Structures are given as C-alpha cells and as structure tokens.
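Top to bottom, those sequences are chains A and B.
Reminder that position 114 of the first sequence reads as 114 in this note's numbering, one-by-one numbering, no gaps.
Reminder that position 27 of the second sequence reads as 1027 in this note's numbering, one-by-one numbering, no gaps.
It is worth saying that the hints were derived from the structure and are not from the lab.
Note that the coordinates shown come from a computational prediction; the quantities given were computed from them, not determined experimentally.
It is possible that part of the hints are untrue.
Simulated crosslink set (SDA-like; lysine to any residue; CA at most 20 Å straight-line) [stated by the list, open to error]:
#1 A:Lys72 with B:Lys1063
#2 A:Lys8 with A:Val378
#3 B:Lys1171 with A:Ser71
#4 B:Lys1171 with A:Thr17
#5 A:Lys157 with B:Glu1109
#6 B:Lys1063 with A:Gly48
#7 A:Lys290 with A:Asp275
#8 A:Lys72 with B:Ala1167
#9 B:Lys1046 with B:Ser1120
#10 A:Lys47 with B:Lys1025
#11 A:Lys57 with B:Tyr1173
#12 B:Lys1172 with A:Leu14
#13 B:Lys1025 with A:Glu288
#14 B:Lys1002 with B:Lys1063
#15 A:Lys72 with B:Lys1046
#16 B:Lys1032 with A:Gly48
Each chain, letter by letter, is given below.
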Amino acid sequence: MGKTIAGKIFTAHLRDTPSPTNVVLDIDVVLCHEITTPIAITDLMAKGLDRVFDPDKIKAVIDHVTPAKDSKTATQGKIMRDWARRHGIKDFFDIGSNGVCHALFPEKGFIRPGYTVIMGDSHTCTHGAFGAFAAGVGTTDLEVGILKGVCSFREPKTMKVNITGNLPDGVYAKDVILNIIKQISVNGATDMVMEFVGPVVDTMSMESRMTICNLAIEAGGTCGICMPDRTTAEYLWPFIRESYAGIEDAVIDFKKWHSDPDADYASELTIDVTDLKPQVTFGYKPDEVKDVTEMEGTPIDQVYIGSCTNGRIEDLREAAGILADRKIAPTVRGILSPATPAIYSMALEEGIIKTFMDAGFCVTNPTCGACLGMSNGVLAEGEVCASTTNRNFNGRMGKGGMVHLMSPLSAAAAAVAGHITDPRKYI
Amino acid sequence: MKDFSGQVLFLDRNDINTDEIIPAKYLTENSKEALKPHILEDLHLKGFNHENDIKGKNIIVTKANFGCGSSREHAVWVFEVNEINVVIAESFARIFRQNMFNCGMLAIELSSEDIEALFSLGPQAMLTVDMEHNLITAENEQDSKAAITFTLNEFDRELVLAGGWLAFADKKY
C-alpha cells in the first residue's frame, strides 16, 4: 500500500510513537502571533522554561490587532517583541513589515514542500497549499513547539478531493471550497487531511490554492494539502534557487512528496466545477451555503475585502476589475485590508488601491482585525457584512452582526449594488 | 490529576464553536483568570443564561462537533478556571479535543445513545468519571442511575495522568 503526501511527511518527521495511534513529529517551522503566543511565553517564563528550541525555526508576527488599539493589545505586542529580542528570533514582523500571518509567512518563503508547520491559529491549514503538513494548534502545543520543536498528532487519515471540469468566469477558488464544505458539512473532515487534487487544482495559482486550503478547517480538517509542482517551485524560486540547478530540478525533487497512486484514502469526493455558480453563506455556519442567485437582493451594511482567505494580490485584482469606474452604494461601508505590505505595495503600483479609493473604499493597513471582530471594522448589532473572510459564526465580526462569506468578486459586486448580487453581471 | 466529578451542565446543541465559548474580544487578556466571568457568554442556546446556569457545574455534556472553529486554548482555560474539567460529547473538533488533553482535562466521546441517556437524567444529574475503570457513573435526585463505559486513547490518558502535554514533553523530549 502506497502513502499519501501527509503520510510521507509524517514518516520523514517521526520523533516518537507514544501509542499505536499517536505520533510525535519534529516540526520545521513554529509560527507565532500576538493573540495565542504571549500566554505561552508568560507560562514558559513562570515555569522556568523560557527557552526556544531553535530561533531560526520560529517566525513571529503581530497581525491580529495592529497598531495596538488599547493597553491590553499593546501589552501583547510588547511581550512578543521582548521575547523575540531575548531569544534572537530574527524573523519577527512588527509595524511596518507586518501582515496577516498566513499571507505573510508563505510570501517570505518560510513554507516549503514536505515541511511540518504548526501555529496557534486554526487557519494554519492554509500552508498545506505548498505541499506541507500545516496544522493549527492550541497554546500548549505551541509552548511545546517553541521549547522542544515537536508536536503530537493522531495518525492522519486523508480525504481526497478531486476537483474537475472548468471554472466558469466569475467563479473562483472561494466558491469551490464553500461548495465543498456545503457538501461535506462543518465536521465532514474532522481528524482528516483534505488533499486537493485534479485538473482545476493543477492550473490554480498558489494564491487560489491557499484560499482552498485555508477553509479546510471550516470542514473540521486538520490540514488542506496540494501536491507541490511547477507553480509551487516558481512561487518559491527566489528562496530555493541556491538549492537547485533550475526550476525543473525543483519540480522533480518535489515529486518525492506526491501521494502514491495506490495510497490509502479514508474517503474520496469528486466535484465538477463546470456548472458551479458563485457561492455565498446564508446562516451562522460555513456549511450553510447557497448559490449567489438565491441570495440576490439581501441588503448589506459593510463589505470587507481582506484576511488570510482572500486578501492577496489576485483577490484584489479580481475585486478591482469590478470596482473600476464604479462607485460603491452610498449605504455601504467598504473596507479593504491588503494582507501584507508587499501586496499593498504591489496594489499601489498597479493602481488597484486608487481604484478601491475612487470607488469609495477605506483602505486599512494589513491586519486580521475585522475578521474576528477585534478591530478595524467591527459590526454593530443587526448589521450585515459581505465578507471575503472565513467564518460566519453568530457575532464573529461583532455581537449581533451577520456575516455572508463570499469571493472577492462577489464582495465587490455587493459593494456596488448595495446588496448581495451575482458578480457575473458586472464582468 | 484534576477532579473529574460533579454536577452536569447540559448543552443541547451541535457545533458549539469556540467564539461562543469565549468571544474573540477577550483574547487580549494575558491571564487565564481574567476569562472567568465570560464563560459561554455568546452561546446561542435558547433559555441559556451564562451568568446563572454555570453555577455549581463541573461537567459539560453536549452533542456533536463541540469546540469547532478557532484554535484558541482560551476555550479550555475558561472551563478550567470555572472548575469544569470534563466535557462529554458525541464528537469534538480536533484542536479543542487536543487542547483539553494538553491541559490534563478530559474530552470524552460517547455514542449518541449514551449521550441521550445522560440527557434523560435531567438537569440535576451528578457524574463521576472513573479513569481507572473507564466508567462514568451518573445519578440524579430521583436516584435514577446510569453506568456508561468509555474508551480513552492511551496517549490522551497519559497526558491526563501527567497533568498535560508540557509536563509530559518536557520530561520526554
């Protein structure tokens, strides 16, 4: 019996087998942000364990509330800053260089095929787009990761998701993954790695693959994962060029991680996207999804474009395509948060920021704030947001607020119309 | 080892997420104790009042996919500081379940039939979890009794006995 990509990564990183069904893995990269790490740091200090296993394998960012909004968030930032300095963690991203973790860390080349990655953040599954095993963990797992460079997991089962057909105009990665979650439900992939394969994934950019993997957790998945290929190698080339004679060599090397043809899967799902319409959530769970045409006319108060799901340059370009030479509805507050400084800078050079501003959007610095109702776009009770983020839980973006998840294209169309609408009318 | 007995808080709903257990706005706190009054503050469950209904409760019994959503361990800590050390459910989200064992607490999965049997004991039910015999004993004020066996992954058991993952890993790795 062959192995899946996740199985191969587990074998290559196996440190211990504490029970027949559990493994302890060596971790290649421990990612940290200021919401879940400060308590890990203070707990380690209190226990006399204020050490790091390898400062070069720890990457840290302040991204959830930045700039700090009050004394408490300022303190969280200070704890991170002091800790990074104390331990010589050179890859620490603070004001001016900080961005949304799951957009920033891949952009810096920190995530490579075959890596094991943990972070105290559920959307860590995003990094599986690079053919890595990347899992969100709690603060105790993070502490052990920081201290020992290991993490425990159950032996992974894999769900193979085969995405076939041709994506129609106006339908994007976000629509595909929302539809998959609709089909398998919010716990359809619990304790499983979601392996995304097939011709549609093969032709997707790294940005689109990250969007798909990002939402694996919304189906309960431990990690989303894609086979590392030429697209992966091209994205990573500036960081790996010293290791390979040419891109082709990297592509061939990456194949060692690919799932074997006779690999064992716990379940398989095929989705043909040829007739897929843009998708929108309607309730308070990410599997409550409808075609956008069924939601036509739903009034909105705010549009948010950003986050680790859809705040990348490709997302901004798609949205700007609709906003060009148009104004957003006077009843709508539009907020754009480019996910990283590099994306922001690229969007400036391409005129995208001006397009958003001319249309009536407010452009904020890169931050996670609004997505989880912490800052930079919190909803009031009874308000409705068309959002490119990843969670529509009741009160997620502010108590009493309603969130409809959708693609950047659908969000831009909603901003112009003042209500949820089919974005294909605008392209 | 923590105490694994006490009165039950029944939460009759699937998919209770970590935002409901502890809203994101409290994630700026730098101590576990500060979370205490905000337990289940945003739980969407008809008739539930988070200020009154958790008083004297030490065990949660609930339905499927408990603890889905964010990875925040605050959702486990807010139970810990309120002296709730056991959650019994039909199923858990992976990260929440791991966080429970990592803190030396119990996340026990039972069949829907066993969960129904516990619910049928009514709101005054008392439970005791016997780790040695893998047995949950339950009784209510009418003296109705139930004994339910459960299985625990061996590694998860070791974490509970060790007092959590940090203590276990610091010794072993």
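Holds or violated: Lys1063 (chain B) with Gly48 (chain A), Cα cutoff 20 Å?
Violated, at roughly 39 Å.
Taking only the CA atoms, is the gap from Lys157 (chain A) to Glu1109 (chain B) under or equal to 20 Å?
holds, 19 Å
Run the distance test for Lys72 (chain A) versus Lys1046 (chain B): straight-line Cα separation, threshold 20 Å.
violated, 33 Å
Given hint Lys1063 (chain B) paired with Lys1002 (chain B) - CA-CA distance at most 20 Å
Distance ~23 Å between Lys1002 (chain B) and Lys1063 (chain B) Cα, so the pair is violated.
Is it true that the CA of Lys1171 (chain B) sits at most 20 Å from the CA of Ser71 (chain A)?
Not satisfied, since the Cα-Cα distance of roughly 37 Å exceeds 20 Å.
Given the proposed pairing of Lys57 (chain A) with Tyr1173 (chain B), does the C-alpha separation stay at or below 20 Å?
Roughly 17 Å between the alpha carbons, so the hint for Lys57 (chain A) and Tyr1173 (chain B) holds.
Hint consistency between Lys72 (chain A) and Lys1063 (chain B) [alpha-carbon to alpha-carbon, up to 20 Å]:
violated, 35 Å
Measure nothing beyond the straight line between the CA atoms of Lys290 (chain A) and Asp275 (chain A); if it is 20 Å or shorter, mark the hint as holding.
Answer holds: Lys290 (chain A) to Asp275 (chain A) is near 14 Å, not above 20 Å.
So if I understand the rule, the pair passes when the alpha-carbon distance is 20 Å or less; does Lys72 (chain A) with Ala1167 (chain B) pass?
violated, 29 Å
Next pair to validate is Lys1171 (chain B) with Thr17 (chain A); report whether the Cα-Cα distance is within 20 Å.
holds, 15 Å
20 Å limit on alpha-carbon distance, applied to hinted pair Lys1025 (chain B) and Glu288 (chain A):
violated, 25 Å
Given pair status - Ser1120 (chain B), Lys1046 (chain B), alpha carbons within 20 Å
Holds, at roughly 18 Å.
In this structure, the earlier hints numbered 1, 2, 3, 6, 8, 10, 13, 14 and 15 are contradicted, and the remaining ones agree with it.
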